[in-house]
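**Q** Spelled out, the chains give:
Number of protein chains: 6
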Amino acid sequence: MNKGIGHVNVGDAIDSFMLIKDVTKGVTSNGKPFLTLILRDSTGEIEAKLWDSTKEDEALFIPEQIIKLAGEINQFRGKSQLKIFSVRPAQLTDGVHISDFVEKAPVEKKVLTEKLTEAIFEMKNPTLQRIVRAFIKKYQEDLLNYPAAVKNHHEYVSGLAHHVVSMLQIAKELHKLYPQLNKDLLYAGVILHDIGKIRELSGVVTTSYTVEGKLLGHIPMMVEEIALMAKELQIEGEEEVLILQHLILSHHGKAEWGSPKPPQVREAELLHLIDLIDAKMNMLNRALDKVKPGEFTERLFAMDNRAFYKPLFEEG
Amino acid sequence: MNKGIGHVNVGDAIDSFMLIKDVTKGVTSNGKPFLTLILRDSTGEIEAKLWDSTKEDEALFIPEQIIKLAGEINQFRGKSQLKIFSVRPAQLTDGVHISDFVEKAPVEKKVLTEKLTEAIFEMKNPTLQRIVRAFIKKYQEDLLNYPAAVKNHHEYVSGLAHHVVSMLQIAKELHKLYPQLNKDLLYAGVILHDIGKIRELSGVVTTSYTVEGKLLGHIPMMVEEIALMAKELQIEGEEEVLILQHLILSHHGKAEWGSPKPPQVREAELLHLIDLIDAKMNMLNRALDKVKPGEFTERLFAMDNRAFYKPLFEEG
Amino acid sequence: MNKGIGHVNVGDAIDSFMLIKDVTKGVTSNGKPFLTLILRDSTGEIEAKLWDSTKEDEALFIPEQIIKLAGEINQFRGKSQLKIFSVRPAQLTDGVHISDFVEKAPVEKKVLTEKLTEAIFEMKNPTLQRIVRAFIKKYQEDLLNYPAAVKNHHEYVSGLAHHVVSMLQIAKELHKLYPQLNKDLLYAGVILHDIGKIRELSGVVTTSYTVEGKLLGHIPMMVEEIALMAKELQIEGEEEVLILQHLILSHHGKAEWGSPKPPQVREAELLHLIDLIDAKMNMLNRALDKVKPGEFTERLFAMDNRAFYKPLFEEG
Amino acid sequence: MNKGIGHVNVGDAIDSFMLIKDVTKGVTSNGKPFLTLILRDSTGEIEAKLWDSTKEDEALFIPEQIIKLAGEINQFRGKSQLKIFSVRPAQLTDGVHISDFVEKAPVEKKVLTEKLTEAIFEMKNPTLQRIVRAFIKKYQEDLLNYPAAVKNHHEYVSGLAHHVVSMLQIAKELHKLYPQLNKDLLYAGVILHDIGKIRELSGVVTTSYTVEGKLLGHIPMMVEEIALMAKELQIEGEEEVLILQHLILSHHGKAEWGSPKPPQVREAELLHLIDLIDAKMNMLNRALDKVKPGEFTERLFAMDNRAFYKPLFEEG
Amino acid sequence: MNKGIGHVNVGDAIDSFMLIKDVTKGVTSNGKPFLTLILRDSTGEIEAKLWDSTKEDEALFIPEQIIKLAGEINQFRGKSQLKIFSVRPAQLTDGVHISDFVEKAPVEKKVLTEKLTEAIFEMKNPTLQRIVRAFIKKYQEDLLNYPAAVKNHHEYVSGLAHHVVSMLQIAKELHKLYPQLNKDLLYAGVILHDIGKIRELSGVVTTSYTVEGKLLGHIPMMVEEIALMAKELQIEGEEEVLILQHLILSHHGKAEWGSPKPPQVREAELLHLIDLIDAKMNMLNRALDKVKPGEFTERLFAMDNRAFYKPLFEEG
Amino acid sequence: MNKGIGHVNVGDAIDSFMLIKDVTKGVTSNGKPFLTLILRDSTGEIEAKLWDSTKEDEALFIPEQIIKLAGEINQFRGKSQLKIFSVRPAQLTDGVHISDFVEKAPVEKKVLTEKLTEAIFEMKNPTLQRIVRAFIKKYQEDLLNYPAAVKNHHEYVSGLAHHVVSMLQIAKELHKLYPQLNKDLLYAGVILHDIGKIRELSGVVTTSYTVEGKLLGHIPMMVEEIALMAKELQIEGEEEVLILQHLILSHHGKAEWGSPKPPQVREAELLHLIDLIDAKMNMLNRALDKVKPGEFTERLFAMDNRAFYKPLFEEG
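Chains as they are written, first to last, in full-length UniProt numbering: chain G, 1 to 316; chain R, 1 to 316; chain L, 1 to 316; chain A, 1 to 316; chain Z, 1 to 316; chain F, 1 to 316.
So here's chain G without its partners, still in its complex pose (with noise of 0.2 Å):
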């Protein structure tokens, strides 16, 4: 199998490694124990079944344990589900890595960073500057590694880079449209809008939320951040420390959706605007790549559980 789990059909045999992301022990209508495995690799997910499992399976088959496994792709309930034959973890001389298995932005990090690098570069207001710098460098490594969200987009490894990176070209366009924007402010709001996710989530593999991320949430987090960073910086009190703190706080653009205050600023309103658009093109795209022209989507729970249609006349 080398098109990835991505993109098996009904029927399809499987042979191959695959990681571990969850397991769940159940017990048959008959009481004879089985596991509930959920498996990826860097193109997808799949749930399979370990029938008759042994007390010796659920302690060999645990998350983020490589397997190699052969089976067919059978479907149950609307939903494809590999049914396995053969099953063993993966041993040292497989030759195989945890990080062969999750999905990767589709831009290098050594881009990314360049990218990053270039558009501090560009900013002249001393102070957003200094903060930006001191926050890059803070969190260098899980800014590369982490992924944006837990699901909906760029929900992979350097999804938060990627989004940023994204962000700040579309952000350099609307500037050149809309020149009254101030762009360092832009780029600041941008760089920083989801740096508190490095805290709310707990890490880049099998990412969940942390005590903090339940209670507190990003938003609070990075507008407490950012005053602590300014104290550092022995900035606090200027006026481009309260305006960040602003864009950070408003940029999900409504109470209702997580800012307890809306944008008052236009650099934070356009910042809520061109996360959107990054956001659900990023969704948008990754569906619609699973499907065939003249077919729709399956629902998006984050797009108001809409389906998507692809037109056929895309396809000349």
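Mimicking DSS-like on lysine-lysine, the simulated pairs with C-alpha atoms at most 30 Å apart in a straight line are: (1) L:K25 with Z:K25; (2) A:K79 with A:K310; (3) F:K172 with Z:K110; (4) R:K83 with F:K25; (5) G:K310 with R:K183.
Derived from the structure by calculation, the hints contain no laboratory data.
Quick caveat: nothing in here was measured; it's all calculated off a predicted structure.
Starting from the known structure of chain G, fit chains R, L, A, Z and F onto it as the hints suggest.
**A** Just chains R, L, A, Z and F now, with coordinates in the frame of chain G:
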């Protein structure tokens, strides 16, 4: 008075030509008749009272009449009001024209036409290009004169074309960032999305809603126009026609905002977002132009009644 | 089994012809294939499982195929399910037809046609009468066959015409009570309001939404059809055409319910209310027919998920 | 002035008797006292100012006083206002009565009584008939005099009975179309549904809400009254009593509209819809009577603030 | 098993008496019948499957039957499930009673009675005191046995009285802080506010909604009961009766939550808030009792589906 | 006039000192300038007009100036208005001070300080106690002077401390009833929850929102302050700090009300409810103080625009 009515302060003396936009007759608490005039020049509007008005005054001072007046700026219930010292209708020899008193887009019609032509020239899909050309031909005159709305955004001469041309520029850049987008479809949607306003609105100078504008609205009217045009061009039934109708129908994004179907095609979603950005930036830029750094704008009804702050550090 | 699948109880033996409405393939926890069949006759639907299905079964038992089967009614997760003992496809010599297995309106097509003709005959406004006649002619066949919806109300053969004829009767009586109403306008609105469903829905037997149904919806499609028909009849621009389009456009009553403009003409408001009454009475009568006095119906999704009570004192 | 205050135009001279509905004392900017009078005759209402009012004026011109006045119709802030030239209280010898100045239902009390009696005569269920008869007897006088509301619909003498009788006619016809309906239950619901308004509203001429009307509302009050009446008639515990209480309780359709339980019985749902139709037709007919073809009515608050259009082609 | 079904873990062996709360019959994919039992003891509930059930089993194992069973705790789709090894109905000689298997308030009935009596003794307003005494007398038995709800809060034996007594304590303290409050009115409201639940709910052990509970609800039923009681006590028409009815009617706070009138009397507003506090604290305390420090509770439907965190530092 | 401006009636003569809260300049319909003054004493506010005002008047009568005036209470558009007979600025020799004209909490600052100290003394958790002490020290002066809001509740000198102290009393009693509560956490939340208002509001006398108050709001500002304080006290990272930040962040209860995270800790939920009770009781008590038994208060905007009734039987 050279600076224009949009820029006067309380206490300023006025001696200039203005256009009557609206007139209402009233009676004071002492039973004396007066006229309330809404006057405008190319920079803004102001209310004025003509006390002790006569029957002759009522006949002379009617909407779309240009007048010469002298007076002073007062304040009434927190709003500026023009106190009239003397007033007379403009005469032929004054050499003034209605077009001198209406606001215009900041871009010349010639430039707008060029940009439109350029965009159509870029299009490759023959069906989409034919429909767009046909509508441009049918409505060329009005498209270059109509405002994009009665109020809120681009509510000036050539506002409709100005809005379209700005949106085309955004569309072009986003297509570079997201090459999966069908540029022809997006261009066709941008150019046609608001053309129904030409039937929805009554005209260029003192714009209101037509009866069919109120009963049908510009969105269903434009869906209908595309059907009639497709029939005329003998391309009815082609999928491009259906998808283009869908873009028009869904471009307000939600049922509550007037789109009976939400966007269900990638370019429809993006058309909605680009429309939002350009309308909001137009509103914000014009409102912020009127205030000084450190101040808030008046509340903007179409921006959820928010007031926007102009940071002080932008001054430097 | 003579009583029909809509009236069986758990434990009943079944030996009859049925129509396959839908088929899904599944795999048991032991890895054995089976088919889930949705079967129907003219009284209702039931799910059935065909265990250990073969490739031949998959080829034989497909949607719109009539089958002869013997089995028994069981219960599964609170719903009735048909356990199959034996099954075979119907043969020519069985003398059964698809039309025997679909639900039909409780009124004959002939009667429906007469009632429609009668109503049109009552109309005096020539413009409205011409449009109505033209549409009746264009869609006569489908109008008498189509359901009024995929589910919820009048979802049976001739449902659309049955709905229209009931509404005409209400319209007629309300016109007597409120003689200010324009009866011709109201009749035209009633007859045409849902004709767009003929393009929105895929057909009579196994009804689903068409692509244009999903992307445009029956309301804008019918507004468009009236424009095209008016052009064909050379009556475009007459006020009756606009007002009739408004009635169609607004007949769902609110933007959230799919009408981009709310009713703004007296007859439009009434059309909406009459539509509501007939749809609701149809749903309620059919749900209450299935329960005994003293019981509640199942929850009705299209009635805000309410269950309705059938009083005991009605028995007497 | 013969045409009535509801039909005057700006500039008309007035010389007639009118009823004072409300009076407020004010002080001009010069510190002089004046009275703002709300005056009415049987066709409508108008505001009038009595300038330089004396203590005697304040004592003479009080609510429910009839006055003779001469004056002229002016306009103030877009609304008609009566300018008073001379005014005096009516005298016994003038031969005018309060009942001459209030709007009445377009149907005579005698006819309303006959129609009610007829409907009760049609009822066959003895329990329902007994309750209805008992209430008719208890409230006969008020039922024939009370309005159906403070404003919006049927807000005139006998409005309550007029509303009930119109609804009975609709109920009768819908029972013919949907014979499954329990006509007796529906009739009982129609007749009793708003009788609680007799306790909720203060009276017939200058109607406002009573304290118990504000704290309990007519719906719970009527549920309570049925319980007390059932006890008196010794039929408490019969299911008809419960179901009838449910019809009253649920007739506003939704919790947000004042019904703590939504309709859960077929006739309850229909009662709500019939109530809606008659209230809306009453509002619409009266608003459209005041405008000419080609015009819109004023915005109707109780119709979601919509303005309604009167088509031109109705003129013919 | 001594620890009770609410505290077991997967893998635990069970050998104890339990009460059958609910039974459903099912058929496996192999066509074999089985019973799904909902079992409970005084600490909680669990689902159990009785495979290959016979007609005799169906007759023996019915709701409110006590059984003796041996088995083991398994997991099925993320929830605990009891796997039955052996089971038999309890016998007289087992010495077990239904009351052993239902949850009870943590306060004795005797104490609850004393606290109620004490509160009534504190009341000084004779009218309010008489009504309260009359209801306590009428419903004493049920008031001490009924739960306060079917689920969510105080859903155990004596739950209603426990809820009332807790609320009385809060009312007493708030009266000290805000002495303007009318304590008698507040006490009367607290004691009577949920007594309508005795008619709304079917009973103490396997509680569901009665037909009148569904069609009227406990709030209008209690308003009605107060009217009937006031008549019996010959105090109808006294203002205390009206205000008390208002407190009952408005105690859910908003129309959407079942109160057709919102609180419009100070004590009505406070009654609503005290009710909220005691219901929420009851839910929270019971949910948090089940988790360890550092964990979140399950999602609580009646708390807007929130999960609550139990801090670690509480351990110390 | 001894009774204070909050208690005057129309017709009362006034001769007293008052504080100017706000001034607006206007021009009458005759073009004459006047000043609209908002005046206050410790009991309330009133509007006054100073006709024919001079440049000198404009310079003398400015906000925060105390004046001596004689006049009379009139009525204008349903509201009381003060008619000025004579007016002069207060002089040093008059012996009046701004503090005489502002409303104060009904509890002395000394008592408020004692109660606060007492509560902190009760706390046992050292981390929570340290944070609370540090904030009390930092803001002691302002905490004892600031109002709790610009309007609606506790909008008077020491309002913030008065609100906190009342809430502490409720917290203490609820902790007795629900001993599972963590009293220290609840106390810390109560004391700190609104301290952010000291930065959100401009000051004590003529209070408005600061720029950072508008752009960030008191909730995120206080979350940030706790982070900075924790750093200063070297206790950052302790769980108490996180949980306390969560209490502050969530104390408005819902995203729509300004809390980006809802309460997810037991004490956070209770803090929200206690805040609600004390704010509402403060509003209700002050509004009901102004009306007589048998009357309704004015509509209270912050109580969903409800008017509250004061029962007659409270008089006895």
